[in-house]
Amino acid sequence: MAAPVNEADLVDSSVLQTDPNNEADSKSSSRGKLVLRRFLRNRLAVVALAVIVLFYILAFTYTWYSPWAYDQLDPASTLLPPDGNHWFGTNQIGGDMFAQTLRGLQKSLTIGLLAALFSTGVASIVGAAAGYFGGWTDRIAMWIVDLLLILPPFLIISILSPAFRGKTWLILVGLIALFQWMITARIVRGMTLTLREREFVKAAKFMGQPAWRIIAKHIVPNMASLLIIDATINVGVAIITETSLSFFGFGVQSPDVSLGTLIAAGADAVRTFPWLFYIPAGFLVATVLAVNFAGDGLRDALDPSASRSRRKERKRIAEKTKSPSSPNTAGAEA
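Heads up, my numbering is the position in the sequence shown plus 1259, with the first residue counted as 1.
Do not take every clue at face value.
Across the chosen pairs, the derived CB separations fall in these ranges [unchecked claim]:
1. P1412 x L1548: 18 to 24 Å
2. I1409 x I1316: 39 to 45 Å
3. A1328 x R1296: 39 to 45 Å
4. T1531 x L1452: 55 to 61 Å
Only pairs whose alpha carbons sit at most 20 Å apart, straight line, appear in this in silico SDA-like list of lysine to any residue [stated by the list, open to error]:
5. K1292 x N1481
6. K1292 x G1541
7. K1426 x S1513
8. K1292 x A1475
9. K1292 x A1483
10. K1461 x W1471
11. K1464 x R1445
12. K1476 x F1465
13. K1476 x L1303
14. K1464 x G1394
15. K1426 x L1437
16. K1476 x V1496
17. K1426 x F1506
18. K1476 x M1450
19. K1464 x A1475
20. K1464 x I1446
21. K1461 x H1477
22. K1464 x S1513
23. K1476 x G1393
No wet-lab data here; the hints were simulated from the structure.
Keep in mind that this is a model prediction, so the values were computed, not measured.
By construction, the Cβ of each residue, glycine as well, lies at the ideal position given by its N, Cα and C atoms.
Please model the entire structure based on the sequences and the hints provided.
As structure tokens, then:
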């Protein structure tokens, strides 16, 4: 006689097994939700992110609703204040300041974003390779880092810019990113020195995985928080660098425009025609502040312990500042 069949035996054993990939995905999803909740609690960071998104939308869609193109001139309407036809006024040659400001914002945002992504990518590759391989790789990489750290970036880019005049603006992105990655690479190297001694990295080595696969799969993902924060903050730094270079004529070249070229063009007329200067300058200040506030909020969301330590440090400094007045107060009361 056949043995009785238990109902539990009919259940597919694969259902009872835990899929490690699904478990990892669920952990990643829960961490992402936690980071999102922390970020949304920071109202200043949320407002800053909304401003950044709004500026990107305005900068890349202005041609849909602007009555003027950024390179279109209205010779009969020079140096007009803002009105219904020219929303931000016009410049000395009849160019529409609304179209030019948003075109400049588009160019500055694009250069800032690309330079930040490129510099963060280089920092992660160089730092992780130096920390993982050690030896001559580490020495050569750190020698290059030390060399670039002592070079004055603004002076070097200013000297090289005339050679690339009339070429693509992507060269400017590369020059800005060239001097932005060194400090982050040092931090990544230090973290890699610690991570390469962890058990999961040693297990990957034992299983015969190639070095670059270990770096890409096990080391760099464990520094994702640092790299995301670094890329966010580097956007603001790159925008300021591009604006400074363009202000002095070493960045974006005519007939194209950026916020730096517009600010430079309006600086001489700031008293008589203030809209030429204050409108692009206002967009620049708002953009950089928004990027920095959003970066701070993202850092606090990804690493709340750093936020707590900063609050403790501020509290300690505040108590230190107040403490000298207490003896005088006590003496006065006596």
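So, going through the hints one by one against the coordinates:
Taken as a hint, the range 18 to 24 Å holds for the pair P1412 and L1548, whose Cβ atoms sit roughly 23 Å apart. The hinted range of 39 to 45 Å is satisfied by I1409 and I1316, whose Cβ atoms lie roughly 41 Å apart. The hinted window of 39 to 45 Å between A1328 and R1296 holds, with their beta carbons roughly 43 Å apart. A hinted range of 55 to 61 Å holds for the C-beta pair T1531 and L1452, which are about 59 Å apart.
Between K1292 and N1481 the alpha-carbon distance is near 18 Å, which keeps this suggested pair within the 20 Å criterion. Restraint check for K1292 and G1541: not satisfied, since their Cα atoms lie roughly 34 Å apart, outside the 20 Å limit. A threshold of 20 Å between alpha carbons decides the hint, and for K1426 with S1513 the separation of about 12 Å falls inside it, so the pair holds. For the given pair, K1292 sits about 24 Å from A1475 by alpha-carbon distance, which is inconsistent with the 20 Å threshold.
A distance of roughly 16 Å separates the Cα atoms of K1292 and A1483; the hinted pair therefore holds under the 20 Å criterion. Taken as a hint, the K1461 and W1471 pair is honoured in the structure, with Cα atoms around 14 Å apart against an allowance of 20 Å. The straight-line distance between the Cα atoms of K1464 and R1445 is roughly 24 Å, outside the 20 Å bound, and the hint therefore fails. Taking the CA atoms of K1476 and F1465, the gap is about 15 Å. The hint holds against a cut of 20 Å.
Of the pairs offered as hints, the one joining K1476 and L1303 is violated, with about 34 Å between alpha carbons and a cut-off of 20 Å exceeded. For the hint linking K1464 to G1394, the alpha-carbon distance of about 18 Å falls within 20 Å, and the restraint holds. This hinted pair checks out: K1426 and L1437 have alpha carbons roughly 18 Å apart, not beyond 20 Å. This hinted pair does not check out: K1476 and V1496 have alpha carbons roughly 29 Å apart, beyond 20 Å.
With a C-alpha separation of about 18 Å, the suggested pairing of K1426 with F1506 holds against the 20 Å cut-off. Restraint check: the Cα-Cα separation between K1476 and M1450 comes to about 15 Å, which is no more than 20 Å; the hinted pair holds. Proximity of K1464 to A1475 is assessed by CA-CA distance (about 13 Å); at most 20 Å being required, the pair is judged to hold. A threshold of 20 Å between alpha carbons decides the hint, and for K1464 with I1446 the separation of about 23 Å lies outside it, so the pair is violated.
For the given pair, K1461 sits about 10 Å from H1477 by alpha-carbon distance, which is consistent with the 20 Å threshold. For the suggested pair K1464 and S1513, the alpha carbons sit about 54 Å apart, so the restraint of at most 20 Å is broken. Only pairs whose Cα atoms come within 20 Å are accepted, and K1476 paired with G1393 is accepted, the gap being roughly 19 Å.
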